[in-house]
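There are 2 protein chains.
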Amino acid sequence: MSQKYTIGLDYGTDSVRSLIVNVENGEEMAGAVYNYRHWKEGLYCDAPSNRFRQHPKDYLEGLEFTIVEALKKVPKEVAENVVGISVDTTGSTPVAVDEKGTPLSLTPGFEENPNAMFVLWKDHTAVKEAEEINELARKWDIDFTKYEGGIYSSEWFWAKVLHIIREDAGVFRAAYSWVEHCDWIPALLTGDTNPKTLKRSRCAAGHKAMWHEAFSGLPSEEFLIALDPMLAGLRERLYKETFTCDVAAGKLSPEWAEKLGLSSNVTVGVGAFDAHLGAVGAEIKPYYVSKVMGTSTCDMLITPMEEAGDKLVNGICGQVDGSIVPGMLGLEAGQSAFGDIYAWFRRILEWPLKNILADTNLVDEETRQKLIEETSDKIIAKLSEDAEKVALEDSGIVALDWMNGRRTPDANQALKGAITGLNLGSDAPRIFRALVEATAFGSKAINERFVEEGVRIDGVIALGGVAKKSPFVMQVVADVLNMPIKVARSEQACALGSAMMASVAAGVYSTTLEAQEKMGGGIESEYHPIPENVEKYQKLYDKYKKLGKFIEFDY
Amino acid sequence: MSQKYTIGLDYGTDSVRSLIVNVENGEEMAGAVYNYRHWKEGLYCDAPSNRFRQHPKDYLEGLEFTIVEALKKVPKEVAENVVGISVDTTGSTPVAVDEKGTPLSLTPGFEENPNAMFVLWKDHTAVKEAEEINELARKWDIDFTKYEGGIYSSEWFWAKVLHIIREDAGVFRAAYSWVEHCDWIPALLTGDTNPKTLKRSRCAAGHKAMWHEAFSGLPSEEFLIALDPMLAGLRERLYKETFTCDVAAGKLSPEWAEKLGLSSNVTVGVGAFDAHLGAVGAEIKPYYVSKVMGTSTCDMLITPMEEAGDKLVNGICGQVDGSIVPGMLGLEAGQSAFGDIYAWFRRILEWPLKNILADTNLVDEETRQKLIEETSDKIIAKLSEDAEKVALEDSGIVALDWMNGRRTPDANQALKGAITGLNLGSDAPRIFRALVEATAFGSKAINERFVEEGVRIDGVIALGGVAKKSPFVMQVVADVLNMPIKVARSEQACALGSAMMASVAAGVYSTTLEAQEKMGGGIESEYHPIPENVEKYQKLYDKYKKLGKFIEFDY
Chain A
1 MSQKYTIGLD YGTDSVRSLI VNVENGEEMA GAVYNYRHWK EGLYCDAPSN RFRQHPKDYL
61 EGLEFTIVEA LKKVPKEVAE NVVGISVDTT GSTPVAVDEK GTPLSLTPGF EENPNAMFVL
121 WKDHTAVKEA EEINELARKW DIDFTKYEGG IYSSEWFWAK VLHIIREDAG VFRAAYSWVE
181 HCDWIPALLT GDTNPKTLKR SRCAAGHKAM WHEAFSGLPS EEFLIALDPM LAGLRERLYK
241 ETFTCDVAAG KLSPEWAEKL GLSSNVTVGV GAFDAHLGAV GAEIKPYYVS KVMGTSTCDM
301 LITPMEEAGD KLVNGICGQV DGSIVPGMLG LEAGQSAFGD IYAWFRRILE WPLKNILADT
361 NLVDEETRQK LIEETSDKII AKLSEDAEKV ALEDSGIVAL DWMNGRRTPD ANQALKGAIT
421 GLNLGSDAPR IFRALVEATA FGSKAINERF VEEGVRIDGV IALGGVAKKS PFVMQVVADV
481 LNMPIKVARS EQACALGSAM MASVAAGVYS TTLEAQEKMG GGIESEYHPI PENVEKYQKL
541 YDKYKKLGKF IEFDY
Chain B
1 MSQKYTIGLD YGTDSVRSLI VNVENGEEMA GAVYNYRHWK EGLYCDAPSN RFRQHPKDYL
61 EGLEFTIVEA LKKVPKEVAE NVVGISVDTT GSTPVAVDEK GTPLSLTPGF EENPNAMFVL
121 WKDHTAVKEA EEINELARKW DIDFTKYEGG IYSSEWFWAK VLHIIREDAG VFRAAYSWVE
181 HCDWIPALLT GDTNPKTLKR SRCAAGHKAM WHEAFSGLPS EEFLIALDPM LAGLRERLYK
241 ETFTCDVAAG KLSPEWAEKL GLSSNVTVGV GAFDAHLGAV GAEIKPYYVS KVMGTSTCDM
301 LITPMEEAGD KLVNGICGQV DGSIVPGMLG LEAGQSAFGD IYAWFRRILE WPLKNILADT
361 NLVDEETRQK LIEETSDKII AKLSEDAEKV ALEDSGIVAL DWMNGRRTPD ANQALKGAIT
421 GLNLGSDAPR IFRALVEATA FGSKAINERF VEEGVRIDGV IALGGVAKKS PFVMQVVADV
481 LNMPIKVARS EQACALGSAM MASVAAGVYS TTLEAQEKMG GGIESEYHPI PENVEKYQKL
541 YDKYKKLGKF IEFDY
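Note that the protein sequences, when read in sequence, are chains A and B.
The first sequence lines up with residues 1 to 555 when you count with the UniProt record's numbering.
The second sequence lines up with residues 1 to 555 when you count with the UniProt record's numbering.
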């Protein structure tokens, strides 16, 4: 047979990337990256109030650019032999759409309205609405949050929908339905964006929208009306059925086939969340935590359905049949901020550069900018280098990693971070070290919760930018977790995972496991806990928990 | 009569300054500053372990330089009509001396030994010894700490002596006695450095060495031996009697008269602590807190002896008859770090400048240094400017000002600072604002303690670098204390206070009050609390106390 190829499309927070993969051996043929144009300019966002919106044009431009550019880099035969495309995106990142499924910001009158755009996963404007959902859920006969860890987050679908329609009457009136980013792209590619017929992802529905077979779908109309009468009727205009990402959403529409330079015989897979397909790409296996480590983390674990039983894991981000790997129970947890905490500290240290050095007259404008950039760019690396030299426990500093709230265990976006044990000798590397330790403690708290709730953990497979680039951080995490950590080889685990699922959706392979075995890149490196550190970190972790308890309950 | 002049000599942490003052009207004729040579180079110190030592040569060089230089700036008649010199220094800053009263580091074999040098007030190496003193004091029939607020500090005389002799057998064997910095300089000037006869200051003895008339002097030999047999016999080689700073220590020795270009008819006053004479210079009056605001603070309050009664104020740094103003009960409290906390934060922000920008090849070495200096120098001013624009309560950040331990209320140098309420939007100015608020809360905690213990406070008179230079900080402190703050006019309140006391010691005036009335500079500005801020700060102060309680007792 001639070679076959699939394309994985991975929509991240700042950019989208494509990856063309040889389905037979996983060879990564070519790829391309597109940085969102509007997003890069900071449009439609307001960081101090945690409002983060993305314009659908960014997604559309990136879709065309990354596939066309990647195809330019490979022989024509490759394009001719692409058999499938699958897409992963951030989530929950929903948008209000009209009857045709067009995001409102692509319709007249809404072009510049942030409420008519995609509400990015990390948007925290809906804190109040999340609280209302939790309050109502506590009182209701059926606990609709029970498969989502028992606590609904402001980062998720219903909180966001409710917040937007309350805030923006125009969007409320014009919004026929709502669509997740990971559902909109496949719908677009297949040419069926009808909100009532487009195939909805099990990931998004199960983990973020309280969809579950046991509820016959989404939470009941009564529940939603009790939450707010403004939600009346919306349930009917959403969906009942959901699909795992081994299912085909349809074939590539002639329109998009032409745009992209592909045949209309290409299968488009049902979409999924980036972290989930990252776990697939990194060859997640049962009872291993697949940890995507970037600005935040997503900690995923799969267990065979037959072993999962009726067990409910409290305080995580949900447990959904087939959400990560079709046929397995997918459990998801995560830290609201990980690398973002290091970036926050870098921003603090950059302050004199950007606010004082930027105005100097000692050098010309161009040199000034270069000096600022050069210095900023080196901060994290130099901090890591110096922090690594600080002896464990030496600084006495203990920090709490809740600078972006806490996703798990027990979601609470209102929580904040802290740094204790400071003295006049606490320098930047010592504080940085404590922040790194705090993010590792946040990871440990998640692992502990899984174990407390009866889900064993056999190991950790790490992926994402931090896992690849920060040996110092990774060693701390291994020591704190007291568990070896394998780092997946693929530079683009999410896109690779999408390409794997595309091969299943297109029928090349019949199971995810088969695709992983053929296309996976294996392990690149492994971190082993250093025994003498393990014990010391346990003590610091006890302080971390004590501090957290005080901040959360008594402060 | 011809004009008369006195010289005030003020030994601070980094430098010593002289001030020649016209006793009739307080006119400041001239002065000079000397930055300690060895200290500037960081010799004999180890900041991470809080070891801070000063070489007596720094004091000697500064003594001669500042007086000679100041006299060069005034007509010859002024030098001829100098009638008195008084000295203030930091404290408790003791040194081990031989039988002649010579600091060991000025004797052969000890020249480079930090343990043979002055142990600077802020040296915290004796934390363990302070604990032992407190433990023993709790068990002893007489509580020797009761006039020092009930808690003995690692910053004080006995803790430091005990720490040094335990650590350094050579110094232990060679040390005949110990002398405070404020006692050594007048002793030197009068030519009598004999440890058994030189006049010891009431300030140092009463506030730092548990000396009290009710104890017939220093703590009993039995107590000291119970503390450590190594202390046996030392009490006898120290002192029984102490003197207030209106008393003459003697006349200027011919040797020093010649060195300085003064007559040997000049009266040398008994020495005192810098903060106390600063309070005198700033015209302290009964029931006003005289607050020296610099790297740390010293908060002083005087009450007429007849009104003081037998009342003991718990948790402060002592109450001593005549320690601040002869004839009044002098109460002392203070914050272990104030401006030092702002400087600490500046150092953190400077880190990329000094560790990354310093290595750039984009500009030459000279420009590099200039850029770093220019940027560093502007950090605090720019932070203040931006922090002032942040609305009160807006950031949600609450900090604890214990980065250098806590001096009062309830000394505990082992405590550490903290910053809570951090999120990814917490930028440098917001954190700085919280640090400023925390130092103000530390001030409030001291005022509250005085009032709780039955000492009323009618107002605050501020002096020191922060009071003069930081209107933003001063307004926050006024709002937090809910009390108007007057800022004393003199730029050199400590040196001026010394010059005032020299005029009393020399017999020009018969009381401190008289000298203050003639020589005082009055008030320069006043800060009034803004009512709407007062209430908001009260809420934040409640959080500060809650946080402090947790950090101190439950963490």
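No wet-lab data here; the hints were simulated from the structure.
Incorrect hints may have been included.
Unchecked claim - Simulated pairs of lysine to any residue, SDA-like, Cα-Cα distance not exceeding 25 Å:
(1) B:K543 / A:G396
(2) A:K545 / B:A79
(3) A:K549 / B:E552
Because the structure is a prediction, the values reported are computed rather than measured.
Right, here's what the structure says about each hint:
1. For the given pair, K543 (chain B) sits about 23 Å from G396 (chain A) by alpha-carbon distance, which is consistent with the 25 Å threshold.
2. For a cut-off of 25 Å, the pair hint linking K545 (chain A) to A79 (chain B) is broken: about 67 Å separates their Cα positions.
3. Using a Cα cut-off of 25 Å, the hinted pair K549 (chain A) and E552 (chain B) holds, with the two alpha carbons roughly 15 Å apart.
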